[in-house]
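Asks: These are the residues of each chain, in order.
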Amino acid sequence: MTYSYFPGCTLKTKGKDLDLWGRASMEALGIQLQELPQWQCCGAVYPQARDEIATKLSAVRALASARDQGRELVTLCSACHHVIKRVNGDMRSDETIRSRANAYLQLETPYGGETRVLHYLEVLRDAVGFEELKKRVVNPLTGRRIGAYYGCLLLRPSGEMGFDDPENPAILEDFIRAIGAEPVVYAMRNECCGGYTTLENKDYAARQAGKVLANALNCGAEELITACPLCLYNLQTNGGGALPVRYFTELLAQALGVKEGTA
Amino acid sequence: MKDMTELVTRISGANPRKCMKCGKCTAACPAYDEMDYHPHQFVDMVETGRLEELMNSRGIYMCLSCFACLERCPRSVEPARLIEAVRLAVIRQQDKNHLKPEQIPPLLDPDLPQQAITSAFRKYRK
Numbered sequence: 001m002t003y004s005y006f007p008g009c010t011l012k013t014k015g016k017d018l019d020l021w022g023r024a025s026m027e028a029l030g031i032q033l034q035e036l037p038q039w040q041c042c043g044a045v046y047p048q049a050r051d052e053i054a055t056k057l058s059a060v061r062a063l064a065s066a067r068d069q070g071r072e073l074v075t076l077c078s079a080c081h082h083v084i085k086r087v088n089g090d091m092r093s094d095e096t097i098r099s100r101a102n103a104y105l106q107l108e109t110p111y112g113g114e115t116r117v118l119h120y121l122e123v124l125r126d127a128v129g130f131e132e133l134k135k136r137v138v139n140p141l142t143g144r145r146i147g148a149y150y151g152c153l154l155l156r157p158s159g160e161m162g163f164d165d166p167e168n169p170a171i172l173e174d175f176i177r178a179i180g181a182e183p184v185v186y187a188m189r190n191e192c193c194g195g196y197t198t199l200e201n202k203d204y205a206a207r208q209a210g211k212v213l214a215n216a217l218n219c220g221a222e223e224l225i226t227a228c229p230l231c232l233y234n235l236q237t238n239g240g241g242a243l244p245v246r247y248f249t250e251l252l253a254q255a256l257g258v259k260e261g262t263a
Numbered sequence: 001m002k003d004m005t006e007l008v009t010r011i012s013g014a015n016p017r018k019c020m021k022c023g024k025c026t027a028a029c030p031a032y033d034e035m036d037y038h039p040h041q042f043v044d045m046v047e048t049g050r051l052e053e054l055m056n057s058r059g060i061y062m063c064l065s066c067f068a069c070l071e072r073c074p075r076s077v078e079p080a081r082l083i084e085a086v087r088l089a090v091i092r093q094q095d096k097n098h099l100k101p102e103q104i105p106p107l108l109d110p111d112l113p114q115q116a117i118t119s120a121f122r123k124y125r126k
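Protein chains in written order, with my numbering: chain P, 1 to 263; chain R, 1 to 126.
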């Protein structure tokens, strides 16, 4: 199976581990992620304004490019997934946005939201299957107590994202079980870490990260996993190192034996 | 300020008149204490036309875009959309950008992801 793949700006620079181990793991599972031939930064924040068209265009270009290749589009960074998935919904359901975006882009075939957008975790859950993943694990992370940090962007708004139950998600816990570790459920796993304000109000971002980490620690987590480079930065760097925070793909690669040693 | 109310309603596509004043948006907001006007007050102030106060508030730059208010609102008022619309009504004006490129270099650190800078530019300037 081959999917189109949108890595995004951060995965090419500060978030290389998310990308590197994500690709290596899918390859080990027999799935090809083919990077889109040309892509632009998605902009990192979904433009909610009804009259903003230009800020949605890079997402539309990526979506149309995947459509032209006849493939589903896989994302890995939470922010890219959020932006691209919601813009796709707009292109499908909002006639004004669709016609204005197409008027700008002048594509050979106008785009109307045809591409199916999948997050990497959804491919693991729905195409590979966690039962199958469990069978492919050669280095189970037995005994590790891992807290899933979902954050905001994968889950909300649930009507548009359709990712998991927004208040009681399970996909990352199921993933943790599949790689042989023990998931630790804690209340703040789907509350915002405050990362977006790190330039505006670093003190607040650090305090909010501290609350998430303290809650996870109190519930017995020994490490956290995330799919978001900004959450990872905020929890790890601003959060003061109360718990190690890693990309989920790094642990996946380790469990599949494509990454040496203990992550 | 009636025109401004219309502008914010048009940009956001949200309808503050659907609000039933339950306060759940504020209860859900992780940044409510950082805002001079809390999300439920914000919705009320858009409805009653107190836009100038909102446009001058620092709360419009503290919204985390986490969509907790939007997810948990029982009336689908979408407070996050209103906050973004008011912020846009400010920064779309000439010389009203909240972030300037020259402010960035001293804020950089070796681990800061590109995502942080890109999102700040998208949220704080036009």
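No lab work stands behind these hints: they were computed from the structure. Certain hints may be false.
[Claimed, not checked] In silico EDC-like cross-links for lysine to aspartate or glutamate, where the CA-CA straight-line distance does not exceed 20 Å:
| no. | chain 1 | residue 1 | chain 2 | residue 2 |
| --- | --- | --- | --- | --- |
| 1 | P | K14 | R | D111 |
| 2 | R | K18 | R | D44 |
| 3 | P | K202 | R | D33 |
| 4 | P | K211 | P | E223 |
| 5 | R | K24 | P | E260 |
| 6 | P | K211 | P | E200 |
| 7 | R | K126 | R | E102 |
| 8 | P | K211 | R | D33 |
| 9 | P | K16 | R | D36 |
| 10 | P | K202 | R | E47 |
| 11 | R | K100 | P | E200 |
| 12 | P | K12 | R | D36 |
| 13 | R | K24 | R | E6 |
| 14 | P | K14 | R | D44 |
| 15 | P | K16 | P | E27 |
| 16 | P | K202 | R | D111 |
| 17 | R | K96 | P | E250 |
| 18 | R | K21 | R | D36 |
| 19 | R | K126 | P | E250 |
| 20 | P | K16 | R | D111 |
| 21 | R | K21 | R | E47 |
| 22 | P | K134 | P | E35 |
| 23 | R | K126 | P | E222 |
| 24 | R | K21 | R | D33 |
| 25 | P | K135 | P | D51 |
| 26 | P | K202 | R | D109 |
| 27 | R | K24 | P | E167 |
| 28 | P | K259 | P | E27 |
| 29 | P | K202 | R | D36 |
| 30 | P | K211 | P | E167 |
| 31 | R | K96 | P | E200 |
| 32 | P | K202 | P | E222 |
| 33 | P | K134 | P | E52 |
| 34 | R | K21 | R | D44 |
| 35 | P | K12 | P | E27 |
| 36 | P | K259 | P | D17 |
| 37 | P | K135 | P | D17 |
| 38 | R | K126 | P | D17 |
| 39 | P | K211 | P | E222 |
| 40 | P | K12 | R | D111 |
Asks: Is K126/R within 20 Å of E222/P, Cα to Cα?
Replies: The hint is violated at about 42 Å.
Asks: Are K24/R and E167/P close enough, with their CA atoms no more than 20 Å apart?
Replies: Answer holds: K24/R to E167/P is near 15 Å, not above 20 Å.
Asks: Holds or violated: K202/P with D111/R, Cα cutoff 20 Å?
Replies: holds (14 Å)
Asks: With a cut-off of 20 Å on the C-alpha distance, tell me whether K211/P and E200/P pass.
Replies: Holds, because 19 Å separates the two Cα atoms, which is no more than 20 Å.
Asks: Mind checking the alpha carbons of K18/R and D44/R for me, to see if they're no more than 20 Å apart?
Replies: The given pair, whose Cα atoms are some 10 Å apart, holds under the 20 Å limit.
Asks: Is K211/P within 20 Å of E222/P, Cα to Cα?
Replies: holds (15 Å)
Asks: Would the hint linking K211/P and E223/P be met if the CA-CA limit is 20 Å?
Replies: Between K211/P and E223/P the Cα gap is close to 15 Å, so the pair holds against 20 Å.
Asks: Take the C-alpha atoms of K259/P and E27/P, compute the straight-line distance between them, and say whether it is at most 20 Å.
Replies: holds (13 Å)
Asks: Check whether the Cα positions of K134/P and E35/P lie no farther apart than 20 Å.
Replies: Violated, because 26 Å separates the two Cα atoms, which is more than 20 Å.
Asks: Does K202/P pair with D109/R here, judged by a C-alpha cut-off of 20 Å?
Replies: holds (12 Å)
Asks: Please verify whether K202/P and D33/R have alpha carbons no more than 20 Å apart.
Replies: Status holds; Cα separation ~15 Å.
Asks: Please verify whether K12/P and D111/R have alpha carbons no more than 20 Å apart.
Replies: Satisfied, since the Cα-Cα distance of roughly 13 Å is no more than 20 Å.
Of the numbered hints given earlier, the model fails hints 5, 9, 10, 12, 13, 14, 17, 19, 22, 23, 25, 32, 33, 37 and 38; all others are met.
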